[in-house]
Amino acid sequence: MIVAHAAIGASGGPGIPLSLYWWALNVVFPLGLLFFVFGTIYRISRYFIGRRAPSYAVAGFGTELKEAVSAIPTPFKSASRHDPFLIVETIFWHVFMLGVIIVVGIHIIAWNYIFGQIFGVSNPLWFLFGISTPEQFTSAYQMGLLGSASYTHGGILNPLGAWNSAEVSTSTFDPWGFLSILVNGTMMALLALAGLVGYLVTRIVEDVTGHKRLSSSGDYVFLILLLAIIVSGLAAMYDISIPYLGLPNQANWYGLHIALVGAFIGYVPFSKGWHMFGYYLGKGFRGYSYGKKEK
Amino acid sequence: MERRRSDCGGFKLEKGKIKIGRQLVSRTLDEISPFDVWGLQECMRCGICRYTCPFWLTTEKSTDVPAWRTYEVNKLFSMYYTGYGIVARYLRLRKLKDSEFKQWFDSAYNCTACGGCTETSPLEIPNWYTAILLRRILHFTGFNLGVPEKWISNVKETGNAMGIIKEKWVEIANSVGLQIDKKGAELLYVPSSLEVNSNILGQISKILDGMNSNFTVSSDISDSGYYAYLAGDFETARKRFMNIYEEAKKLNVKKIIVSDGSSYFFLRWQGPKSLRYKLDIQIEHLTETIYNAYNDRRVKLEKADIKDDATVHDSEFLSRLGGLHKPPRELMKIVLPSFKEPKPDPSSHVLFTCGHHLEMIPEKKEIVKKARLYAAKQLSNWAKTVVTFDPNCQLSMENAVKDSQGIEKSIYFTEVLANSVRS
Ligand code: SF4
Chain A
1 MIVAHAAIGA SGGPGIPLSL YWWALNVVFP LGLLFFVFGT IYRISRYFIG RRAPSYAVAG
61 FGTELKEAVS AIPTPFKSAS RHDPFLIVET IFWHVFMLGV IIVVGIHIIA WNYIFGQIFG
121 VSNPLWFLFG ISTPEQFTSA YQMGLLGSAS YTHGGILNPL GAWNSAEVST STFDPWGFLS
181 ILVNGTMMAL LALAGLVGYL VTRIVEDVTG HKRLSSSGDY VFLILLLAII VSGLAAMYDI
241 SIPYLGLPNQ ANWYGLHIAL VGAFIGYVPF SKGWHMFGYY LGKGFRGYSY GKKEK
Chain B
1 MERRRSDCGG FKLEKGKIKI GRQLVSRTLD EISPFDVWGL QECMRCGICR YTCPFWLTTE
61 KSTDVPAWRT YEVNKLFSMY YTGYGIVARY LRLRKLKDSE FKQWFDSAYN CTACGGCTET
121 SPLEIPNWYT AILLRRILHF TGFNLGVPEK WISNVKETGN AMGIIKEKWV EIANSVGLQI
181 DKKGAELLYV PSSLEVNSNI LGQISKILDG MNSNFTVSSD ISDSGYYAYL AGDFETARKR
241 FMNIYEEAKK LNVKKIIVSD GSSYFFLRWQ GPKSLRYKLD IQIEHLTETI YNAYNDRRVK
301 LEKADIKDDA TVHDSEFLSR LGGLHKPPRE LMKIVLPSFK EPKPDPSSHV LFTCGHHLEM
361 IPEKKEIVKK ARLYAAKQLS NWAKTVVTFD PNCQLSMENA VKDSQGIEKS IYFTEVLANS
421 VRS
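Each protein sequence line maps, in turn, to chains A and B.
Residue numbers are given in UniProt numbering: position 294 of the first sequence equals residue 294, and the series is strictly consecutive.
Residue numbers are given in UniProt numbering: position 346 of the second sequence equals residue 346, and the series is strictly consecutive.
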């Protein structure tokens, strides 16, 4: 990891204070992963440590799986009939998710570079290039319009130009064509931001008018972390300058972004966000304890 | 009351704060399975479950959202069984206020444990169970309601939640021709306390005779014991469940037959789980026994003498929680001359619960009446005559008729089948 950071050039170097980028990549992010692994083990083991009675399976895995998939529409049907507000909330959330999923695509090239440096392999993520997305719609090099000479597109993506050379080494690819006008990092980050802000607002309205009273402070920590991740990502991409944040500014934005992602990953197993993994498991779980499954 | 409080390992009310000791939490949660822990912890409190619940639809109170009870039980669980919960408890970031405890008291019996909310929940969180866990705390701390406590003491003293003593039970069973303690019988019929009357037992006797079945009842078992469970006294219920399994072994029967949907659920699922007992005898609901015999051509079914359009109120414990979907409705399809089948399937989240066992609790009279209206109105869309499969449902539907809530007649399924089953 030292190699990666040195190559990117955000190193403090002898006598120079280490940058936020260095801390994020070498300390916070790995710690986040460690917390995630520990948290996952802890969380899963709690189901078994906390339990007092065994549960005997009454349905096979196939039935559970079928159940898991077929039962998904039920809550949506129920909500759509009774609580349009909840549907608005859900729509906002999924707008956010859509944005996030596509935004992941712009990170492929960076991860490719970082992992390549760490493991000393060139293009370790070559198989993901097909779903890589450009960082903004003017990234014509990815639209194949300007040819391979257009790689010097101005350091929007990277701190100190290092990821440009990574892009060079991945050669030209054009997975989205003209769709890149929409399917690009900037648009999708803004979409995710809009979805998240919309979700937050509906959530706050619901909690303030409060017949549900089901939110906890942890929910807001989770949402605010997500918000900060998007904002810092956008700020890093566009090198938004804030005085006194330290130099090089963009590298520190990246540092903040990576640190927040690390914190988020580490927080997931300790939060309600864990349900993103538990959802499908849970949908089919019930038959292990009682009833439900037709004999 | 005081004695129980100190027995249970600590419950103190101090300056507006509730102190619940580890021992009490441990006893309250003494039978949770990995699935239950999962359910407590994974509930993301989206609140969708509430739309299924007629109690929430009636009060619209946050403390009647099914997930709220799960949240409260999870709070208790995590205060003693999770790292951060323990730390938060020591730092006093997590505590129970007496106002919160008061809400437990109000909310624990605004639920029939029908499982509808579990069906609706995106994560199938067992909110029905956490309502019973809250009752368990009320029971331990001496704050339980009077009638549920009476069920418990009745089960303890007489083995029957309604307090029907052995002599009376044997007398009724004899009067309707049920064979008692017969060695070599194949089936043991176990009634539930609301079924112990000559009317229903007479019909059961007729049905079992009509099937030519070799059955018996036990002079010691006049109730399946689940009322104690629903009242939060798992220990008493467990004893009762175990008595029944042991009695079946003693009589060397092959199956236990019940006619109450709730008995089916508790003897088939919750009892074995609660006892950590691997069930080694078959439990059947009477409708299942008849349906299987009909499919094997061992019995014939004649049309019942019911002229009106009739529909069914599926027993929540039989279908949604019990997993037995087909037999009740299929039988009604065959025997009712004008059967109007409800559109949703028997375990659908769309079907509302009746007032079930809460019908017997005076403190809940008002809310139960309002909540019951949802089920009664819904059923009246299909027909004005309703057939039930659980005596609690029957009681609730009879009350709906009395309260003119849209249905005109409620019939227990044994009445429908008594003159229809022929060998
Ligand atoms: S189990 Fe039934 S009655 Fe209880 S909270 Fe859920 S839907 Fe309501």
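Calculated from the structure, these hints are not laboratory results.
One or more of the hints may lead you astray.
Mimicking SDA-like on lysine to any residue, the simulated pairs with C-alpha atoms at most 20 Å apart in a straight line are [as the list claims (entries may be wrong)]:
#1 B:Lys370 - A:His82
#2 A:Lys77 - B:Asp181
#3 B:Lys250 - B:Val350
Okay, the calculated bits of chain A under chain B, using three or more residues with CB under 8 Å as the criterion [stated by the list, open to error]:
#4 77-88
#5 268-275
Residues of chain B placed beyond 10 Å of chain A at every Cβ, according to the derived structure [stated by the list, open to error]:
#6 Pro34
#7 Arg45
#8 Glu124
#9 Tyr245
#10 Lys249
#11 Lys273
#12 Arg276
#13 Lys370
#14 Lys384
#15 Ser423
Don't be surprised by glycine CBs; every beta carbon is placed ideally from N, CA and C.
Hints versus structure:
no., hint, result
1, B:Lys370 - A:His82, "holds (19 Å)"
2, A:Lys77 - B:Asp181, "violated (51 Å)"
3, B:Lys250 - B:Val350, "violated (42 Å)"
4, 77-88, "holds (count 6)"
5, 268-275, "holds (count 4)"
6, Pro34, "violated (4 Å)"
7, Arg45, "violated (4 Å)"
8, Glu124, "violated (5 Å)"
9, Tyr245, "holds (15 Å)"
10, Lys249, "holds (20 Å)"
11, Lys273, "violated (6 Å)"
12, Arg276, "violated (5 Å)"
13, Lys370, "holds (17 Å)"
14, Lys384, "holds (25 Å)"
15, Ser423, "holds (25 Å)"
Comparing the model with each earlier hint shows violations of hints 2, 3, 6, 7, 8, 11 and 12; every other hint is respected.
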